[in-house]
Amino acid sequence: MADIQSDVVDWSIFSQILLMDEDENLRDFSKSIVENYFEQAESTFTDMDAALDQQDYDKLMRLGHFLKGSSASLGLVKVQATCEDIQHVDVTYESPHVLLARLREEYIEAHRWLNMFFQK
Amino acid sequence: MKQEPSASLGRENFVSHLYQMLENPDFYGTVSWNQTEQGPSFVIPDASKFQDQVLVHEFNHANFSSFVRQLNKYDFHKVKFRDSQSRVWEFIHPLFTPENRDKPHIIKRKQQITNRKAKNSPPAEQNNMVSRAAETAAKDAVKDAESVYKSQIEDLSMRVSRLESTNMQLFSVMKMQQSQIERLLEHTQVPDIDTDQNLLNARNAGTVPGPVLNSFNAYDPVRLKSAPNHPIPMHAPGPNTVLNAGTNGMPLLMNSNAMSVSPSPKQTAHASTHWVLLAADSPAARDITTKFLNNFNFEVDAVDNGTEVIRKVEAKVYDFIILEHILKSLDGLSAVEVIRQSGIMTPVVFMLDDSPQDDPETYIQRGASAVLYRPFTQSQLHDVLQQIQVIN
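So the sequences go chain by chain: A and B.
Each residue of the first sequence is one higher than the last, beginning at 1 in the UniProt record's numbering.
Each residue of the second sequence is one higher than the last, beginning at 1 in the UniProt record's numbering.
Extracted from the complex, chain A is given alone in its bound form (with noise of 0.2 Å):
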């Protein structure tokens, strides 16, 4: 069982999804939940990437936004800040490219917490 104390998440949010689950052994829901924000976030992270080899840096806002919203609902806080700081990314000041590395290292964490989570 992995340490619900970890600063990966927020586990007053993280809990609340555990609670749906109808059957706890099965986990059907909250494993849903978790299986489709994975694949949300590496397609996000493929568009990201583009969006930033292309210097659309609106896009790359908007993906900020995207991502933001479902790392927030799953309580994965630190996710979510650099999601925040990745939509209002000011080019001029901050390198966008360190705000994504940034982001990348936080979800492998988040991704090997939730996995431990699980017990995969």
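Worth flagging that the hints you see were computed from the coordinates, not collected in a lab.
Bear in mind the structure is a predicted one, so any value in this text is a computation, not a measurement.
No residue lacks a Cβ here, since even glycine has one placed at the ideal position from N, Cα and C.
Nothing false has been slipped in among the hints.
With a straight-line Cα cutoff of 30 Å, these simulated DSSO-like cross-link-like pairs (lysine-lysine) come out: (1) 291/B x 31/A; (2) 291/B x 78/A; (3) 59/A x 312/B; (4) 139/B x 49/B; (5) 328/B x 31/A; (6) 328/B x 78/A.
Reference excerpt, derived from the structure (chain A facing chain B, CB under 7 Å, subset only): (7) 36; (8) 37; (9) 40; (10) 65; (11) 66; (12) 70; (13) 72; (14) 73; (15) 74.
Just a sample of chain B residues kept apart from chain A, beta carbon distances all over 10 Å, derived: (16) 61; (17) 137; (18) 155; (19) 158; (20) 160; (21) 182; (22) 187; (23) 301; (24) 317; (25) 319; (26) 360; (27) 370.
Keeping the supplied structure of chain A fixed, place chain B upon it in accordance with the hints.
Positioned in the frame of chain A, the structure of chain B alone reads:
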């Protein structure tokens, strides 16, 4: 290039017209004298107002940049402002003063002065002077024209965007009114239209019009107002015909002997089912919020864009709407504004992110009933729904 419109006024005439323009009490405030350290000048606070009110009357054209070019030719200078954002125009000429009112001819076109001086100069120098003067004049003219066009473009694009948003709002209001009319008409629905042989016969014979598409004129407004809000048996208002919503939702003219009004299935369903419209950009946000709402015994329509929000609200009565601002196609605030303007007062909860960009006051002012910061727990959602009295 078109011919300068004011050229027809004659040369010295132009200066006389300037004096007349400044004496005309109708133009007071649009163009007026000003006292500067260098002497008297005249000021135009709003170029587009000046163009419409003064140029048209006094100079028979509505071309501000041409007016500026003309001033330039007479050696007027634009007074520079410390504030580069200022859109006030101010022009000065050392001889253009109220005292010289009766001697407009002393202000000559620049070209003439240059030429006269040039006659006494050696040829080489003459060419130089002429070309230098012409160059400066041209540069000035280009600069002035540029700023005139800039402000005109700004003004126009502002007007265009205002018109566009008005147009969009009117369009949505119209669509919503149309669907409200259709909803009212549903209450008078006859169960089976196809078995009404009289209607079919009449339609085949061409005496009764078929579905009238998209036409408000096809409704009788008096009868419409008297349509009941609840599906109860209804007397036919006319001797032979009654307005009815056809299977495609469009009105048909019906023979009245087939009348037997019963509640529509949708109406029956609505009595026991409470619907919520949810709009969120990301799938997990939609899934989890949907689950919360299901736990409160709400049925949920979940969408990801603002246009869909308007479309859904037109088609169904919701207990409340819960949405975020950033959505695909149309943002949440605009969608809510459109809904409110068409008179639908369904409660709206905005899901906000705890960021400085999100000022809850803005959302309340623009039609939201409550705001809810994300991420939220089921009980936090419950509290907000209690606040706006859509849940016990």
